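A.B. asks: Residue 136 in UniProt numbering is what sits at position 136 of the sequence shown, and the numbering runs on without skipping anything.
Hint data in this document are derived by calculation from the structure and do not stem from the laboratory.
Each hint should be verified, as a subset may be incorrect.
[What the hints assert, rightly or not] Distance ranges between label pairs, derived from CB positions:
1. P116 / G64: 37 to 47 Å
2. E123 / A221: 34 to 44 Å
3. W117 / S220: 34 to 44 Å
4. V102 / E185: 17 to 27 Å
5. H126 / N88: 33 to 43 Å
6. P22 / E185: 23 to 33 Å
7. D198 / P116: 36 to 46 Å
8. P22 / A132: 12 to 22 Å
9. Q120 / A186: 33 to 43 Å
Every value quoted in this text rests on a predicted model; they were computed, and no experiment measured them.
Every residue, glycine too, gets a C-beta built ideally from N, C-alpha and C.
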Amino acid sequence: MPERPALLLVHGAWHGSWCWEPLRTLLANDGWRVDTVDLPSVGSPAHGMHDDAEVISAAIQKIGGPAAVVAHSYGGIPATQAAAGQPNVRHLVYVAAFLPDVGDSLLGMVGGTPPPWWRQDGEVVHALTPEAIFFNDVDEPPVDKIQAQSYRAFTDRLTQAAWHDTSSTYVIANNDNAIPPFVQEAMARRATATERLDAGHSPFLSCPRDLAAIIATASSAASPLPRSSPASG
Numbered sequence: 001m002p003e004r005p006a007l008l009l010v011h012g013a014w015h016g017s018w019c020w021e022p023l024r025t026l027l028a029n030d031g032w033r034v035d036t037v038d039l040p041s042v043g044s045p046a047h048g049m050h051d052d053a054e055v056i057s058a059a060i061q062k063i064g065g066p067a068a069v070v071a072h073s074y075g076g077i078p079a080t081q082a083a084a085g086q087p088n089v090r091h092l093v094y095v096a097a098f099l100p101d102v103g104d105s106l107l108g109m110v111g112g113t114p115p116p117w118w119r120q121d122g123e124v125v126h127a128l129t130p131e132a133i134f135f136n137d138v139d140e141p142p143v144d145k146i147q148a149q150s151y152r153a154f155t156d157r158l159t160q161a162a163w164h165d166t167s168s169t170y171v172i173a174n175n176d177n178a179i180p181p182f183v184q185e186a187m188a189r190r191a192t193a194t195e196r197l198d199a200g201h202s203p204f205l206s207c208p209r210d211l212a213a214i215i216a217t218a219s220s221a222a223s224p225l226p227r228s229s230p231a232s233g
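Given only the sequences and the hints, what does the whole structure look like? Please build it.
C.D. replies: Here is the structure:
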């Protein structure tokens, strides 16, 4: 049997590693090594997407052995940047996440116009009504843990994209109020495989067992060898 990869969980904008705790516990109890990061662009206008990517890259290198990177929402952008060229990354899992290509930024991927639930305050962005946008199917929405997000993180552009050379799974959240499912469907065409959950934007909180099963299956089946590069789309 091939060696199980370690799992690196990358949270999205406005969040922190706290959001992964139910999922992390389930995976760890099933024998997986699970690491997390806290992205510096959350709560700090001084840091952008490339600062986040550096933190992710360092975490990948610290793992040393085989790794699978699991990214949520905005986290898909710095994870895609950071995992490129990392020989120990076997697989990428995008959970209701942005799946960008070289030259993309989050703001560009949402059409250049902030959605109505963003409120920009100088160099940071606040998420309005997170209970409805992020946690619409979560019994106890952790709205008190949401922080301001660096606006710069949303405008920094990718210079490399790991999915061209590394297999990936996209998990579409069918009831997502943050990234519409039809947008996720379009991005998922870049992935090697697609899975779906009847969940809102935060399946790691609303249905962690279902998400853990998808991650475990995708990461276990991942080949340690990179796939052939697909056409961009």
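A.B. asks: Against this structure, judge whether each hint is valid.
C.D. replies: Okay, the hints, checked on the actual structure:
For P116 paired with G64, a C-beta distance near 44 Å keeps the hint of 37 to 47 Å intact. For the pair E123 and A221, the beta carbons lie near 42 Å from each other, so the given range of 34 to 44 Å is met. Between W117 and S220 the CB atoms are about 36 Å apart, so this pair conforms to the stated range of 34 to 44 Å. Here the CB-CB span from V102 to E185 is close to 22 Å, well matched to the stated 17 to 27 Å.
Checking the proposed 33 to 43 Å range against H126 and N88 shows it holds: the Cβ atoms sit about 37 Å from each other. At roughly 26 Å, the beta carbons of P22 and E185 sit within the given window of 23 to 33 Å. The hint said 36 to 46 Å for the Cβ distance between D198 and P116, and at roughly 25 Å that hint is violated. As the Cβ distance of P22 to A132 is approximately 21 Å, the hint placing it in 12 to 22 Å holds.
Separated by about 26 Å at the C-beta atoms, Q120 and A186 break the suggested range of 33 to 43 Å.
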